[in-house]
Amino acid sequence: MKIPPFKEINSPNKNGYWINPKTKEAYGGQYISPLLIPNLQKVEKCFKKALKDKKFMKGLEEKLLTFIGVNTPILRSKELEEIAGGQKKVGKIYLKRTDLHHDSSHKPVNSFSSCYMAKHIFKAKKIICETGASMHSRSVAAACAMLKMDCEVHIGAVDAEKVSLNKDISELYGAKIVVVHESTKSLLPAMASALRSWQSNPDAMYVVGSVAGPSPYPRMVRTWASVIGRIAKQQFKQITGKVPSTLFCVCGGGSNLMSMAYPLLKDKTEIFAVESAGEGIPTGRHGATILGGSQMGILLGFKSKVVMKSAQIAESLTEASGLDFAAVGPEVAYLHDIGRIKFRSTTDMAAKKTFLMCCEKLGIVPAIEACYVINAALKEIKKRKNPKENHLIHLCGSGESNVARMIKFKRENE
Amino acid sequence: MKIPPFKEINSPNKNGYWINPKTKEAYGGQYISPLLIPNLQKVEKCFKKALKDKKFMKGLEEKLLTFIGVNTPILRSKELEEIAGGQKKVGKIYLKRTDLHHDSSHKPVNSFSSCYMAKHIFKAKKIICETGASMHSRSVAAACAMLKMDCEVHIGAVDAEKVSLNKDISELYGAKIVVVHESTKSLLPAMASALRSWQSNPDAMYVVGSVAGPSPYPRMVRTWASVIGRIAKQQFKQITGKVPSTLFCVCGGGSNLMSMAYPLLKDKTEIFAVESAGEGIPTGRHGATILGGSQMGILLGFKSKVVMKSAQIAESLTEASGLDFAAVGPEVAYLHDIGRIKFRSTTDMAAKKTFLMCCEKLGIVPAIEACYVINAALKEIKKRKNPKENHLIHLCGSGESNVARMIKFKRENE
Amino acid sequence: MNKNFQEMFAKAKQEKKGSLIGFATGMDPNYKTSKKILIEMAKHCGAIEVGLPFNTSTSDSATIMDANMRAIKAGANTEKIFKLIKEVKSEIKNNVPFLIMTYMNPVYVYSIKKFAKKCKTSNVDGVIIVDSNNNSPEDKELSKELKKINVAYVKLVAPTNDEAFIKETLKKCSSWIYIVSYAGLTGSKQVNVENVKKISKLIRKNSKIPIGVGFGIRTKSDVSKVIKIADAAIVGSGIVDIVGKNSKNHNLTKKISSYLKNLKKGLNK
Amino acid sequence: MNKNFQEMFAKAKQEKKGSLIGFATGMDPNYKTSKKILIEMAKHCGAIEVGLPFNTSTSDSATIMDANMRAIKAGANTEKIFKLIKEVKSEIKNNVPFLIMTYMNPVYVYSIKKFAKKCKTSNVDGVIIVDSNNNSPEDKELSKELKKINVAYVKLVAPTNDEAFIKETLKKCSSWIYIVSYAGLTGSKQVNVENVKKISKLIRKNSKIPIGVGFGIRTKSDVSKVIKIADAAIVGSGIVDIVGKNSKNHNLTKKISSYLKNLKKGLNK
Ligand SMILES: Cc1ncc(COP(=O)(O)O)c(C=O)c1O
Ligand SMILES: Cc1ncc(COP(=O)(O)O)c(C=O)c1O
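Order-wise, the sequence lines are chains Z, G, V and A.
Residue numbering for the first sequence follows numbering that gives the first Met the number 0, beginning at 0 and increasing consecutively.
Residue numbering for the second sequence follows numbering that gives the first Met the number 0, beginning at 0 and increasing consecutively.
Residue numbering for the third sequence follows numbering that gives the first Met the number 0, beginning at 0 and increasing consecutively.
Residue numbering for the fourth sequence follows numbering that gives the first Met the number 0, beginning at 0 and increasing consecutively.
Careful, some of the hints might be misleading.
[Claimed, not checked] Straight-line C-alpha distance at most 27 Å; calculated DSSO-like pairs for lysine-lysine: (1) K219(V) to K244(V); (2) K360(Z) to K384(G); (3) K41(Z) to K139(A).
Derived from the structure by calculation, the hints contain no laboratory data.
In isolation and in its complexed conformation, chain Z is listed as follows (with noise of 0.2 Å):
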């Protein structure tokens, strides 16, 4: 199995802006202070170079294949089918298996992807990170173990509880965990505190969790993370002999949609992204961007669609750490400005019970993140009623540091 090799497309322009043809909006960018500026241009520089290096993509494919193990299969799910309708009346719908991924999550691809090249072209001694479900630094931290590196994690306090097993884990693999009391004391915060800590230690590398942050960030993230979407979009035409009819990733920053909708960007997939819509959009409690009442905005380095309140940024609320983030990546963005990709919302209660459902009727124990996806996607197959489409849905993580809360859910609704 090799991995299908990178094809460059939808690319920002030199100062990292996605522009929408025809409002000329602009999405990206690098709102940062002027400390940073030349550490991004090194990291820039590092990236352009890394993917032009034979040996370097060679040595960090192999790992990708027998440390992340990227080779996940796509599983067709006969169980969800019936839930949707029968196979007969929706189609056929299958699960990619990312939760099998070292680590449990898409995460480790872009982590150990940008390590990687933090340790053999930028040289970093250092490596520091923010997290929301802590997969991300759950994987940061594996990544520095294995090559020897620092690694510091920022971390909101809330989430720190809420996923103490994968935070556990990070600190097992030796990284120093910094935890965040700032506002919502989750992802946003998390971020922020990242990003005022590499001010501090310039000669560290910063790797971002999601397709976020300052030029060229968002392009970089989404171009390791693609490694998954290339490899199952190979995999889903030998499975069925075509790209997917519809493609459903659940959208926080929107890493886990880039990785499987960037190499289908050009195809006739149609790509879902699902938010969350915590306690109900109207509520106002939430985790949703784009269908939150989003404006253009510029926060953590980028300009992109964010949800605020006058010009502050609004405190999202979730169940999902990994999607309490009042925006998306700037590309996200723009793919939906343009109207790429189209977007969809479950509630917290929603995915809650979709947890359980999918625990009792598939066997799986996703990330509570994966089960907004499922729920929305479901609904989505359900009303298309096209027993021709072959759907995809991104499973994107494994649950096993939400059973906690979980099983609690569980037994108080029992």
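With the hints as your guide, set chains G, V and A with the ligands onto chain Z.
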């Protein structure tokens, strides 16, 4: 990727015994209430039918590939080579990444296969199983969820505490958990409890978690599980051009050992099994069978090597719930006695330190069970000092459910 | 056929009665009390099964598992159980036959030949091995050795067994055969009379061997129902329960005695 | 160059002194107190930076983050900060120039054109945007709009920046340039004089623009060291600290006043 087909070697005789050609000692058999004899005959008939049923085997293999994800990679670990003294001195070290399976251990390969057979050939509506580290129960429960069968799990009270994460996941999958408070409150009384329960539910099928129990279980379990080793052997030949010089597996009952060793029995590979020496074999507080003073005995339906105190089965004791068993499977005992498999042991303390080492140096959270083998393998590899050798270590599980205890251990030891 | 069992069944037949076989775990709760219990039981029972405890038994409910553990804690082992039976038999006035009921491991570990010899010298009249399979080499050896010395080898058959299995079993079985009345553990359910009828028929088609029925017999009425079909009713958990609940009670033997007296009222054919 | 800044630097030059620029977050801890603080600061400082708080700032230490959150809780927004500055400026007797220091988001969301206009009508003399990149369209637009109305656009340069970057920055920078003295957050370390020397040299090679130095200046001696090299010393966290610790204290303005008086002693060239 196709699973290399099964080739029967080293079969037991028609009564389920392996016979030592020199001593005429018989290992295995069927020692159980007459109540269960018809069930065992049915299991055996179903098993033989299953192996010949092409449609069944095709369906099973597809699920093993896409649901369990058996096509896990082999990772070359330069980090372990370094620790052992450097590749130039000790050769190359490879890890079979069974930790990347669905439900994080080698167990699901047998569990799923057995449940799939129970569903489609035995036509059972209910599965009964015992569990130690809850890796087996977790994967049986997952299979039952997908296959729409009831699942009853017997687990010792001590283990229910120790590996509560896996127990909770079993519960999320819908398993009914029976907590066993007898004797050591661990794997052995749990297995007795499961066998007892089967006598009250002879319409159910019992699914053993290791290569133990009355005939045909030892043979059936190793046959199903050998999918792992068949793939590993093929992969290893692709990578190195040869079969491994040495193979290292941990040994509780022996299922992960047999899963890897079976396809290599007729090859030149030197095979090492590693037992838990607990607090040290001389203390009597351990989980070592072969090295812990075992003699031939009869328990839980089979005859094999057993550690006893007068005629009572001894109480094993070890940190690793999956190794807390005073016997080994009959085929394992046989292979030891004829000299094909060599035994080593590791203390709990050394295993716990190896756990932390793997996290910090490899970026891998191994199941605590796997730490016994890694530790012993490194010692043996160091001692052999043969730069021409290619060593294969079975990383038979991932340690999420050990994190709670191990992070405490780490903090107490810093 | 073992002489003591022969006499027991003959006498019962004469009296138009069935026999009551009592079970207690040897050395439960300890050597001394167990001895008193067995002596008391010998006054009321046609035969007595003494459990040689095994800590990894696979067919016992919690009641008997607990008894096993109490006995093991009190130092029970194969040697001591033989000694216990020998002493009891020398103190009782009658010829009530005694069986050892156990699992294969203690016998195998003790050595099958030695075990059989010890049965003879300890005046043990029969042996029941719960987990002995007709096809195992140990089963063959044990049945051969016991036959030599005229010690009964009582084998179990269960509702799940077919005629072929029963025939096979009968070949080795001596003195009487033991019907397990339901699919389940000792003392975990009510005796299943329909099962007993069905299995008895299959046995009777092939043999005239006396039939004992066990599993789930606790009351006079249970005994009565069983005795309508079979030759002996075996009561285990009912007795062990009393021992478990009264192990330090001075009235323990009295309680067992009155329990057995009541059961005996169900023995009329 | 903005007139008020021109006067400030000219006067200081005449007196052979450096200038002291004070920073406080607008509306911290609330509108009324903030107004008093700013009026008091205007008595001692050559210029004043007013923080327009942003809840997702990326370059501030906890001290200023906390101040931002206090101000936001008190209702701070762009409109109110303009109002605050306008009122303060109308009440003070002198021409002390006021800057708004903030991040790009509040400006962008408010609309850059509208923001520039509002600077003019609110008597704001300068603007500092911490996260404004020379290449962003917003930076271009803002610098253009501010130039039109003679409001200073003060840009930051840091120890990690090279000459090319400084040259690029100087093209847009007006009235003065802000040296970030170390790699780190506001108020998180001690001022780094070596860095300041190095960057000043690079600036001086390319421009005569006055230089302000910020980050890590807290004491008279810090001010003194910086003034040996640059034209102005910027003090932020030192002041915000006092506000944070004394927000309900009646002596708050007195404390600030005496803190600033002491710092001024370090202004001699
Ligand atoms: C399992 C999982 N899925 C999804 C996400 C959401 O992030 P993104 O949209 O960037 O993939 C996270 C973030 O932590 C995650 O852990
Ligand atoms: C991860 C793991 N490894 C090893 C074992 C030991 O069992 P066996 O020797 O049967 O493979 C267990 C049992 O639970 C286990 O969970």
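Open item on the list: K219(V) and K244(V) were given as a pair; does the straight-line alpha-carbon distance stay at or below 27 Å?
Closed with: With Cα atoms ~20 Å apart, K219(V) and K244(V) stay inside 27 Å; holds.
Open item on the list: So if I understand the rule, the pair passes when the alpha-carbon distance is 27 Å or less; does K360(Z) with K384(G) pass?
Closed with: violated (51 Å)
- [ ] Quickly compare the C-alpha distance for K41(Z) and K139(A) to 27 Å and report which way the hint goes.
- [x] Given that 27 Å is the threshold and the Cα spacing comes to 24 Å, the pair holds.
Hint 2 from the earlier list is the only one contradicted by this structure; the remaining hints agree with it.
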